[in-house]
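Could you build the full structure based on these sequences and the hints that come with them?
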Amino acid sequence: MRKVRKGISAVVYRSCKAFNHDRTRILDILRKVQTSLGCISGETMEMLAEELSSHRVEIEGLVSFYSFFSEKPKGKITIRLSDDIVDRFAGVDKVAKVFSDELGIGMGQTSSDLNFSLEYTSCIGMSDQAPAALINESVVTKLTPQSARTIVRKLKQNPVTSNLVKKKGDGNNADPLINAPVKNNIRRKGDVLLADRLPAEAGLKKALKMKADAVIQEIGHSGLRGRGGAGYSTGLKWELARKAKAKERYVICNADEGEPGTFKDRVLLTERPDLIFEGMTIAAYAIGGTKGILYLRAEYAYLLPYMESSLKKRRTAGLLGKNITGKKGFAFDIRIQLGAGAYICGEESSLISSCEGLRGEPKTRPPFPVEKGFLGFPTVVNNVETFCCAARILDKGARWFSGIGTDQSTGTKLLSISGDCTRPGIYEVPYGVAVTDVLDMAGADAPAIVQVGGASGDMIGRSSFHRKISYEDLPTGGSFMTFNASRNVLSIVDYFLEFFVHESCGYCTPCRVGNVFLRERIQKIKNGLAEEADLRYLKDLSNTIMMTSRCGLGHTSPKPVLSSIAHFPIVYASLTKERTDGRQASFDIQKALEESRRIAKRQSMIYDPVYGEAAD
Amino acid sequence: MKRRAIEFKIDGITVKGSAGQTVMDVADQAGIYIPRLCDVEGLEPQGSCRVCTVKVDGRPAAACTQPAAHGIDVINNTPEILSYRRDLIKMLFQEGNHLCSICEASGRCELQAMAYRLGIMEPAKYPYLQPVRPIDASHPDILLDKNRCIRCGRCIRASQQIDRKNVFGYIGRGINKRVGVDGRNLADTDVDVNDSAVAPGTCPVGCIIMKRIGFHEPIGQRKYDNAPIGSEIEKTRSGRGKE
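For the protein sequence lines, the chains are A and B, in the order given. The first sequence begins at 937 in my numbering and counts up one residue at a time. The second sequence begins at 13 in my numbering and counts up one residue at a time.
Please note that a few of the clues may not be correct.
To be verified - Listed below are the simulated DSS-like cross-link pairs for lysine-lysine, each with C-alpha atoms no more than 25 Å apart in a straight line: (1) Lys137(B) / Lys1462(A); (2) Lys1299(A) / Lys67(B); (3) Lys137(B) / Lys1008(A); (4) Lys1475(A) / Lys102(B); (5) Lys1495(A) / Lys158(B); (6) Lys1475(A) / Lys137(B); (7) Lys1460(A) / Lys102(B); (8) Lys137(B) / Lys1460(A); (9) Lys1475(A) / Lys67(B); (10) Lys158(B) / Lys1513(A); (11) Lys1090(A) / Lys1012(A); (12) Lys177(B) / Lys1299(A); (13) Lys67(B) / Lys1495(A).
Hints are computed from structural coordinates only; laboratory data are not their basis. Given the structure is predicted, the values throughout are model-derived calculations rather than measurements.
Shown next as structure tokens:
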């Protein structure tokens, strides 16, 4: 017994020491402990609290917040099936059944020998090659019941996940440091981001010859807006951070790509790491920042070694560190912070909380991150794609960039297209492209329902396919899912609400509770038990959630409900019929009698055909 | 250094305050009551219950965390905002297990008092979630009936900010977000009966209960039995003749 305790405390000590007992690096520490011990038990929490001068309840707060940490023991190999709507339509349930049968455990369970855990996880950014799964940190794609069976048999023989990769993906996916079967699926290259042979560091070199103010002006003139979805002016953000009085300033790259159906950052992280780091370095120069963090979602941990090596090369080449490219006095470096499974961390202030080693909950605003961000210092948080665009703008000029797209939406946009189409993948398109043209490009199969912008986006039907992808019409952070007429609108909406209920941080009442109520009522409609009054209820509840929530999650979570009601009124009308018998449609007499039968140990005189016989 | 004086309007009434105050601070001073549950005098505001939602220059904001600024236009008491507040109160009721008639806190419960103030007289339109929440009776003097917890975090902040302890803390996520204790149970922690975290008035509902002194204060003589919640703030207004 004593020996075991010694073992745990040794792991705890080693994990804390690896990060200099730095409380802000606790996510990394917990990850090390979780990997070594398979869980972070109450006892382990107490040791960690002791070691880090923290409190058990604080550690428990973190372990219970992030999906990739667990208080209960997990298997040596954890299989996480991506539970996105596209995965569902691609038959993930059949794959799950094979995993479950072969391993002899249900979803959410761990085998008694502690070798395997099996569970569903939120979208892992592989919707173009669904169904997909994470096996520890390795990715497997295009799963079939047959391949699932093979995977389990291989893992039982030899529990090394890297052996699973039979055929490596294209581009850098084949690099030994990535070694993944993931395909880039780049279908359309634009001039800004995916063009071949982009000149290396051209933007950075030009930027460093300019004054910092002029760099910000150039970004401002380009009209660049945040690519994560919210669309805030990048130039203005940088300017505010530069103006804020402070000793230090931070540049953070948001690579927590969690919006269901988005995977464009995966491709940029794989194929354009240097362009991302170049953009971050330009931002640092512009705002006077000295430190940078790239927050990488835990689901993309397979890219970590490759990205770390990119950073190392940049340091050697003098592109990071002191006196960058020989520019006296300009010092900047970047570290990668791995997430731990929480969609909310894609929200910029939650992302900052997570970088600080806190629960990934949004911060109270104002003050905004550009005034008081990471550890209280002015911080610029931009999306992966935004930094890439910034680097290209400095090279090619604001006018070149603003010449592409529309007046209010300049440049190109990466779309991650998935669903019922023959060519799912990444498309770099100029802003202002019509939905119908996008559908043609992707070879959409009889598109009937299109979800633009992921779970927090808009659901549209055929009558809106003329609309344009842009901030002023149909904005998207990149997600674009197309579904044919055989798909059930309500199943899609129900999935999105299930997602939001799972991913809400729970900080504020309307988002924590309201989304649960939204889902309950959507299920009632889906099951054909609703009345017209339920639509009014959904609209009112949606309005309260949007008006009173604290952050973007609650401001947008009712959008699938409202946009589907607006665009698919016939679907809702067919499911909400007024009853003529005076009863509520949702009232099920058989269900209502169930408990009475059980207690009375007999059947109903009126409602059961055979009266008097014991029910059980 | 004296803070800059500011002036703005709440529902058309001109109020005066100084820079650095929140909208809630200034409203309280002026005797205008903005309903709230998670915010309480003496603790840092966190803006989580959202009951104090007002509109500032047309945009919704939580009054307890919103900085007051010169010239802003605050809307507090309109049918629209009241309906949001009712919805939020109903959500808090349906999220937990609230049985006023058998609750020790009835009559001094802020959730119950807020429901009455806002005119909620009957069960809500929302479904009951009826969660299963264990009671923590481990401590010799203090009982935690988590069925009634509304996640306002007042006990957490009181423990941290006043007692300089960490007896309570948030754990879990989403609908499973809840208040945890710094140990396996409350008896495991360094909580003291004299802590602010467990003092009367910190918990707005009947979650933190002192053992053996229940129901000492008779129903009918409790805080909100004769005057609605918020009247203590509104009392100051009539004296000033602001309207």
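Hint numbers not upheld by this structure, sorted from lowest to highest: 3, 5 and 10
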